[in-house]
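Residue numbers (the numbering used here), protein chains in the order written: chain B, 76 to 357; chain W, 622 to 980.
You may find that some hints are simply not true.
Think about it this way: if two alpha-carbon atoms lie no more than 20 Å apart in a straight line, the pair counts; the simulated EDC-like pairs of lysine to aspartate or glutamate are [stated by the list, open to error]:
{"#": "1", "chain 1": "B", "residue 1": "Lys181", "chain 2": "W", "residue 2": "Asp635"}
{"#": "2", "chain 1": "W", "residue 1": "Lys694", "chain 2": "B", "residue 2": "Glu126"}
{"#": "3", "chain 1": "B", "residue 1": "Lys269", "chain 2": "W", "residue 2": "Glu714"}
{"#": "4", "chain 1": "W", "residue 1": "Lys960", "chain 2": "W", "residue 2": "Asp908"}
I should point out that these hints are in silico values taken from the structure, not numbers from a laboratory.
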Amino acid sequence: MRFVYVTLKYLAVCLWSVFVIAPFLWALSTSFKDFNSVTGGATYIPWLQFEPSLEGWRVLLRSPAQGGVNIVEPYFNSIFVTCSASLISIALGTLAAYALSRFTFKAGFIKNSDITFFFISQRIMPPIVLSIPFFIMLGKLGLLDSLFGLILVYIVLLMPIAVWIMVDFFNKVPKEIDETALIDGCNPYQAFYKVVLPNSIPGLIVAGLFCMIFGWTDFFFAFILTFTEVQLLPVAIVALNSSITPWWSLSAAALVCVAPLIVVAFIVERYLSKGNLSGALK
Amino acid sequence: MSLKVSNLSMKFKDEFHLNDVSFEMSKGKIYTIIGRTLSGKTTLLKTIAGLTNPDSGEMSLDGVDFGAVPVWKRQVAMVYQQFINYPHLSVFENVAFPLKQRKMPRPEIDTRVRQALEQVGLQGFETRKIQALSGGQQQRVALARSLVKEANILLLDEPLVNLDYKLREQLREEFKNIFSAKASENAILIYSTTDPVEAMQLGGEIIVMDEGRILQQASAQEIYENPKTTKVAQITNDPAMNLFEGEVVDSTLVLTSSIHLDLPPHLAALPRGKYTFGIRASGITLDSDGFEFQIELAEISGSETFLHLQHAQMHVVGLLDSVQNFDIGQTVTAGIDSKSLYAFDKSENLVASPYGGTK
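Chain B on its own, in the form it takes in the complex (with noise of 0.2 Å):
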């Protein structure tokens, strides 16, 4: 029985490591075809029998000018946005969310679970709701085009996810432990970041990753915004578009773009393991 068990375990795991890694492979095997290879198919083997090309990851360094579509400057200005984006919506929604986890606001009607639905609520309305006021202010303020006004519009998207789960990740943090660092001498700012910040670390992974994937796969604002001055990856993939679709430029593009995300992944993943906070309270 247990034999069975354990067959059928390792069958599932196998399956579902093809479901997740197959796409990649493909793309990394189209990445290196060109026209033919890609439009004529394999005769015996698919995805590695044919002539190996470097010519889709030449297009995303050459300039237009020469045919091609530089995603370097692109790229580094995605990373850019979304990292300051990212970090400063952490910052702000950890404040707020720790304040809402902890401190009793009411004002008539509304208590601390409806404030936390007005953030919750700023992502639950279409992005296009959004759009016609941002560009609108973003105009008066001279922002249109720029990194610094891209940074402003992804800190209202983001910050809504850093406060929603950060909100549930401090309500799950034991209220005695900040008690227990005011007793032994913190002051309120000290207890938050002595204690409870270094408590929250998964936390704060959980939200920083969300908040990254959401900033760096936008492309409605990013597209929106900016017109000549400034571009983000994802507008600047789509650019490479044609009428004839590029496959293996699409697929290396592609590769570079998620490239990032799952170095972060990888390198944040032991954080994100449970039980980090088992201890604080039995």
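Starting from the known structure of chain B, arrange chain W on it as the hints suggest.
Below, chain W alone, put in the same frame as chain B:
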């Protein structure tokens, strides 16, 4: 050094958490606050610590207003019933935390932390992570952290309640020695519990609380011998003191139509009339010359058996000094030791006690 608390009150949604609480505590003593769950024990401790603010009332330490001092500047330490530690720090760092906050020199921190860990029996555990410790060890770390501060007031909020029976018994004995040593350092120790055995074992002075109000404050012996009211008698006894109606008629005590007892000397002076009588489980035991009772339940606890007995309208708990099985509904004969009876008046105040205490 003395802690004086005057008329502390705190209300939440029309419910008193503290109701006109006043007392004075002096250094070098262990004070045990006993009360049922939600009787206001934790609220009182948190108020002394400065974690909650009372609606009214005053607190002073050596005559200096204590209520206005922020938590982090009060010289108090507290151990919770949950094992509260800092999970991101090692055992050593946990205990050193309050000293580092005071910016104490490193060598002194080292010495004091090692002393505190030795006191609670955790030497050799310095580098361990909190998660790697058992519940009892985690609570020892919390206690070491509270001891290392050398605070003026040490608050212990049911520190043993979440431990299993054996460990509780073991730590109770160990902690008692630690507390006695601590108290001798001129600190005020306040220990809260729901367990009468624990309260009596710790000795010192007992404060009995119910619904945010102090019912009685006296030495453990005085509380045991002369519980001021029926509520105190129930809260400070495990199992709770048996209470039943009865009447003093001439020289007889009439408890039910068929249970008549000779009036014992300590009740002889009572004016004739109706009273509420109380007796501990140990005062009711199997006796072939006693009265017929039906067994409602028989609970074996260690080497003793608690018998839940019924006779007409009377429901009592008796004690057997041995382990024995009984069938529910079985008829047994049990005696009531009239010399152990307490008498309470209509207002439920003590009027006569086997130990001589009266209203």
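Hint by hint, here is what the structure shows:
1. B:Lys181 / W:Asp635: holds, 19 Å
2. W:Lys694 / B:Glu126: Violated, at roughly 75 Å.
3. B:Lys269 / W:Glu714: Satisfied, since the Cα-Cα distance of roughly 12 Å is no more than 20 Å.
4. W:Lys960 / W:Asp908: holds, 15 Å
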